[in-house]
Amino acid sequence: MTDILMPALSPTMEEGTLSKWLVKAGDTVSAGDVIAEIETDKATMEVEAVDEGQIEEILIEAGTEGVKVNTPIARLAGGDNAAKAPAKADAPAAQPAVVADKPTETTPEAPAKPELRDPEFPEGTPMVKITVRDALRDAMAEEMRRDEKVFLMGEEVAQYQGAYKVSRGLLEEFGDRRVIDTPITEMGFAGVGAGAAMAGLKPIIEFMTFNFAMQAIDHILNSSAKTLYMSGGQIKSSIVYRGPNGAAARVGAQHSQDYSAWYANVPGLKVVAPYDAADAKGLLKAAIRDPNPVVFLEHEMMYGLEFEIPDVEDFVLPIGKAKIQREGKDVTIVAHSRMVGFALKAADQLAAEGIDAEVVNLRTLRPLDTDTVIASVKKTNRLVTVEEGWGPCGVGAEIAARVTADAFDDLDAPPARVHQEDVPMPYAANLEALTVPSVEKIIAAVKQVSYK
Amino acid sequence: MARAAKASDGTQGSNSTPSVNRNTSKDDLLKYYREMLLIRRFEERAGQLYGMGLIGGFCHLYIGQEAVAVGMEAASIDGDQVITGYRDHGHMLAAGMDPKEVMAELTGRIGGSSKGKGGSMHMFDIETGFFGGHGIVGAQVSLGTGLAFADFYKQNGNVSYTYFGDGAANQGQVYESFNMAKLWKLPVVYVIENNEYAMGTSLARASATTELYMRGASFGIPGEQVDGMDVFAVYEAGLRASEHARSGNGPYILEMKTYRYRGHSMSDPAKYRTKEEVDDVKKNRDPIDHIKTMIEQAGVTEDELKVIDNEIKAIVLEAVEFAQTSPEPDPSELYTDVYLEA
Ligand SMILES: Cc1ncc(C[n+]2csc(CCOP(=O)(O)OP(=O)(O)O)c2C)c(N)n1
Ligand SMILES: [Mg+2]
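Just so you know, the sequences run in chain order R and H.
Just so we're aligned: 221 in my numbering is position 221 of the first sequence, and the numbers increase by one with no gaps anywhere.
Just so we're aligned: 114 in my numbering is position 114 of the second sequence, and the numbers increase by one with no gaps anywhere.
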């Protein structure tokens with residue numbers, strides 16, 4: 001014998017009207033037969049039999065209002081082989097979406113971070129000069145030699161050698177199976193990359209610029225960042241989404257935007273924003289090896305700049321580790337990507353005025369190395385953040401929040417943020433110069449937190 | 001109802017022949033019957049558990065469309081991949097996933113295939129080649145094309161079966177994917193499950209052209225319209241499409257004419273169509289009744305069928321039992337599976 005229960009039409013329904021019976025006692029029903037109609041303020045729906053058997057008794061008459069969900073409405077006499085219907089008792093039946101009824105003390109802490117370190121090189125290790133552009137190319141080439149599963153896909157990456165010539169020589173060395181020109185199809189090829197990663201390949205998806213990745217952000221977030229979690233750990237997405245990000249020069253509002261904060265907001269993604277050639281090479285190699293999806297934010301204005309990097313085989317840097325780019329004792333300037341260079345210039349000028357600034361190059365935005373930032377602030381007691389993106393809900397806002405939470409007593413002044421003005425990027429040269437962060441704005445912010 | 005799209009490269013899918021008088025073994029008949037019945041009974045129970053508040057959120061049932069997943073699965077080989085949207089329970093069962101794990105995922109329990117962290121719309125199983133379980137309409141089309149890209153890259157002779165709905169067929173990324181799949185000759189079979197509605201919008205209200213099997217024509221992708229209520233028609237079209245894709249000819253489109261009996265999701269009363277329309281399909285085109293008739297013609301007795309019915313019922317009830325007794329995920333699971341150790 002089985003009770004037929006009043007069903008819920010939606011997760012929030014608690015009661016409804018049993019408007020009509022389509023069967024009566026004595027009728028035989030099989031699974032799938034419509035037996036009744038129920039109604040709420042929103043809708044009428046049919047109730048189907050799930051078990052087969054004979055209706056033994058109607059328990060709630062047609063027309064009854066306010067029938068609570070899960071009340072028995074009829075009784076079914078089972079056939080010979082009728083197995084038991086699901087027990088109704090042990091779950092929070094028909095309560096609206098049960099989620100956070102657990103006491104907060106059982107909410108677990110996020111797991112502890114492993115200690116990360118930059119590789120150390122002995123005194124006298126030879127250095128080579130290399131542009132950021134070539135450092136990125138070398139990183140890809142080395143990883144493609146190392147792992148057959150790595151391939152590069154994007155617009156103009158193969159025959160044209162990259163819209164910014166970052167993939168120079170790769171087609172020649174690796175052929176068109178592994179260096180693939182796509183149609184102008186960001187959402188499509190990001191999805192193709194995400195799917196190939198699910199099947200175990202290690203795609204590098206190049207966006208001509210991150211402005212165009214907006215077409216594809218659905219796949220970056222919904223298909224790559226969340227899949228490991230949604231699959232209970234089964235499906236990994238080892239994929240790098242890379243390309244130039246941030247403010248270019250005189251290209252107007254749609255081609256000049258910093259997406260750092262957008263991606264850094266998303267669990268499941270790692271977000272890397274290199275400054276110099278060493279960062280570019282060491283972190284891109286790490287990103288390609290990483291088993292997680294990595295958004296790798298380059299900067300067009302940095303591609304052509306030369307820096308020294310250690311001339312060693314297999315130079316890899318840890319993702320998640322910031323770098324003290326310049327040591328100082330009076331104020332901490334936290335920056336990433338191109339803004340590190342601005343911060344260093346500001347520090348030089350400030351030194352002439354007797355302010356000794358420490359510059360922290362974040363290198364990775366997720367996971368954010370707050371330990372390094374906080375250690376620095378504990379030393380300097382003052383914080384200035386610099387980013388190319390807009391201020392509200394930005395990277396600087398996040399850092400200021402974490403520092404005030406974890407090092408409040410160490411601060412001698414409220415943190416100051418330098419960022420793009422709160423307007424779309426203007427085209428006019430003078431307005432553009434006014435809106436982006438500058439060395440002067442950084443100096444002014446440092447003086448503000450130093451009360452000078 | 002077999003029509004074939006003429007592709008600009010001259011390839012053309014052959015017509016689906018109706019499945020009456022076809023030479024089919026009794027074993028095949030019973031296998032398909034069993035698989036379709038499992039989906040139907042499973043979904044009915046899922047609906048019941050939803051009604052009891054044991055399943056939350058969105059729950060999209062596959063009832064009515066069983067022949068598509070089952071027929072296509074029969075046309076696939078080991079190592080092939082399947083990917084679909086949120087109406088995924090039937091595909092997972094057809095792929096051979098454990099009904100217990102699927103049901104427990106629906107109830108959000110640790111025994112679910114995603115440990116309760118995915119839900120109805122997000123389940124995966126590498127072993128059976130089931131790649132989800134995706135909630136963004138159309139996204140699975142690019143992802144499935146990517147699975148095919150991986151097959152092509154690995155030259156493993158496998159095919160990606162990429163399912164999407166008549167509504168999804170209007171998404172831009174579908175055409176981005178068609179273009180790349182044909183350009184690179186990727187081994188993908190696009191299966192459009194045309195169940196006539198996208199939520200409350202009928203095909204004709206949303207689509208400038210309703211012949212969905214023709215949608216690849218401008219890319220030179222051959223297409224066929226198939227009676228998706230006839231598991232044999234599905235199977236045979238599936239074989240043709242798979243053969244085409246597997247032998248290096250690139251993508252193939254199958255438009256499955258099918259119908260969903262229930263609302264779009266559990267909370268949809270489906271007032272945008274008449275009861276007569278639904279009843280007519282149930283009465284005259286039901287995929288399980290259809291095969292049942294063939295089985296009876298093949299001389300299988302009521303009693304033999306009853307044995308299968310009872311087996312299926314037991315499997316489903318076991319799944320239901322498991323889905324209720326498997327515990328909720330431990331709170332420590334909250335932070336697992338966000339990142340893999342680098
Ligand atoms: C990008 C996106 N837009 C809208 C939705 C909401 N939505 C979910 S299913 C659906 C209808 C899809 O219909 P169809 O493709 O025919 O598939 P069916 O549900 O019939 O299987 C819509 C609009 C969504 N999930 N994703
Ligand atoms: Mg549909």
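It should be emphasised that the hints constitute simulated quantities derived from the structure, not laboratory data.
Here the structure is a predicted model, which means the values were calculated and not measured.
One should not assume that every hint holds.
[Claimed, not checked] If we take Cβ atoms under 10 angstroms as the criterion, some of the chain H residues that face chain R in the derived model are: (1) Asp98; (2) Met121; (3) Met123; (4) Leu203; (5) Ala204; (6) Tyr272; (7) Glu276; (8) Thr336.
[Stated by the list, open to error] Just so you have them, the derived chain R footprint on chain H, three or more residues with Cβ under 8 angstroms: (9) 216-222; (10) 242-251; (11) 289-295.
Idealized CB from N, CA, C, for every residue including glycine.
Evaluated hints:
no. : hint    : in the structure
1   : Asp98   : 14 angstroms, violated
2   : Met121  : 9 angstroms, holds
3   : Met123  : 8 angstroms, holds
4   : Leu203  : 23 angstroms, violated
5   : Ala204  : 24 angstroms, violated
6   : Tyr272  : 12 angstroms, violated
7   : Glu276  : 14 angstroms, violated
8   : Thr336  : 7 angstroms, holds
9   : 216-222 : violated (count 0)
10  : 242-251 : violated (count 0)
11  : 289-295 : violated (count 0)
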